[in-house]
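Just so you know, this note's numbering puts 1481 at position 35 of the sequence shown, and the rest follows in order with no gaps.
What the hints contain is simulated information worked out from the structure, not anything from laboratory work.
Be aware that one or more of the hints could be misleading.
[What the hints assert, rightly or not] Cut-off 27 Å, straight-line C-alpha distance, at most; resulting in silico cross-link-like pairs (DSS-like, lysine-lysine):
id	residue 1	residue 2
1	Lys1778	Lys1743
2	Lys1731	Lys1715
3	Lys1679	Lys1635
4	Lys1578	Lys1675
5	Lys1702	Lys1675
6	Lys1675	Lys1508
7	Lys1550	Lys1508
8	Lys1635	Lys1508
9	Lys1635	Lys1778
[Unchecked claim] Quick list of simulated restraints, FRET-style, between CB atoms:
id	residue 1	residue 2	range
10	Gln1705	Thr1524	28 to 34 Å
11	Asp1666	Pro1607	39 to 45 Å
12	Leu1586	Asp1666	29 to 35 Å
13	Ile1471	Pro1607	23 to 29 Å
14	His1754	Thr1473	28 to 34 Å
15	Val1763	Gln1497	32 to 38 Å
16	Lys1702	Val1627	16 to 22 Å
17	Ser1591	Arg1729	50 to 56 Å
18	Gln1714	Glu1480	20 to 26 Å
C-beta atoms are modelled at their ideal positions from N, C-alpha and C, and glycine is treated no differently.
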Amino acid sequence: MNYLDETIIKIGELEIVNYLHKKGIDTARQEIIEGLTTSPKYISPKYFYDQAGSELFEAITKLDEYYPTRCEMEILSTLVNQLDISLYDLDIIELGSGDSSKIKTLIGPIPPHILSTINYYPVDISQSAITKSIEDIIQLHNFNSITGIVTDFLHSFDYMPRRRHRLFCFLGSTIGNLSTVEAKDFMQKIGEVMDGGDALLLGADMVKDITVLERAYNDDKGVTAAFNKNILKVVNRHVDASFEISDFEHWAFYNKDEQRIEMHLKAQKDINVQLRAANQVIRLKKGETIHSENSHKFTVNQLEALGHNGGMQIKKVFSDDKGWFSLAYYIK
């Protein structure tokens, strides 16, 4: 995560533009410190995604227990020809793009002569993830152009292209990481930048058996635990903190009342942690947690309601054979 300056990275004739400097490291520090000095303590999940965190999440998506990626890939593999949108001269904007696997699966059936008219914009908070993704894509696919955008897209759509008709893709289940209020606000903001005829493809994990849900976030290999704990390393760098990873254990469970998986970091003993950037010390009692992520689960009715927040009409909901994961297709 490069908050310090605007950079343009060239990959052949392609480029990645970093806008995180406009937010600034001071804003990021303030956000982290506020979360750690309130009660209950929390860290925004966007800070998972430094290079190590992005690589760990990619490993999570390949785990036997983690069904969302497999289910989504099943849907994406035959989806593009079912979308009610012209593919010619299209801008595809993938929010939270991560690795290239999802977009490659989506565009796989598109004929090369059509793909060569499409511009692709991967948007992510992780510059390393975008770089790796573009390097992978250009080996196999001939888009008209590719421009990576590094930004905190959940709070700003200022840098989205507006020259042609657009398909926004918010794949995975990142919408579930937002609070109910944040999800409504996100849909309202993206609705405001969408023009008539633009479309949104939104990934969402659906309500299902609790055992299936909790296994997905408590894998036997401990990859999710390592991913969760890695956020403390990011915090140590950003606010010059003194977190010791070994002082915490990964704790993930389904909160039925809130309809979400919650991930926490639970203190294994009484701990004092220095936040040197704020000249503060925080104290955690044994068993106290830092809330690091939510993953809300949805029903079809809730997906329809989300679209209304952005002034969008839901055209169709595509699901895997088990009905565990869905891609909601909205038109502005």
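Against the structure, the hints:
1. Lys1778 to Lys1743: 24 Å, holds
2. Lys1731 to Lys1715: 6 Å, holds
3. Lys1679 to Lys1635: Answer violated: Lys1679 to Lys1635 is near 31 Å, above 27 Å.
4. Lys1578 to Lys1675: 23 Å, holds
5. Lys1702 to Lys1675: Roughly 24 Å between the alpha carbons, so the hint for Lys1702 and Lys1675 holds.
6. Lys1675 to Lys1508: 19 Å, holds
7. Lys1550 to Lys1508: The hint holds at about 16 Å.
8. Lys1635 to Lys1508: 32 Å, violated
9. Lys1635 to Lys1778: With a Cα-Cα distance of about 13 Å, the restraint between Lys1635 and Lys1778 holds, given a limit of 27 Å.
10. Gln1705 to Thr1524: 28 to 34 Å: Distance hint for Gln1705, Thr1524 holds at roughly 29 Å.
11. Asp1666 to Pro1607: 39 to 45 Å: 43 Å, holds
12. Leu1586 to Asp1666: 29 to 35 Å: 33 Å, holds
13. Ile1471 to Pro1607: 23 to 29 Å: Roughly 27 Å apart at Cβ, these two residues keep to the hinted range, so it holds.
14. His1754 to Thr1473: 28 to 34 Å: 31 Å, holds
15. Val1763 to Gln1497: 32 to 38 Å: 35 Å, holds
16. Lys1702 to Val1627: 16 to 22 Å: About 20 Å separates the Cβ atoms of Lys1702 and Val1627, which means 16 to 22 Å holds.
17. Ser1591 to Arg1729: 50 to 56 Å: About 52 Å separates the Cβ atoms of Ser1591 and Arg1729, which means 50 to 56 Å holds.
18. Gln1714 to Glu1480: 20 to 26 Å: 25 Å, holds
The earlier numbered hints that this structure contradicts are 3, 8.
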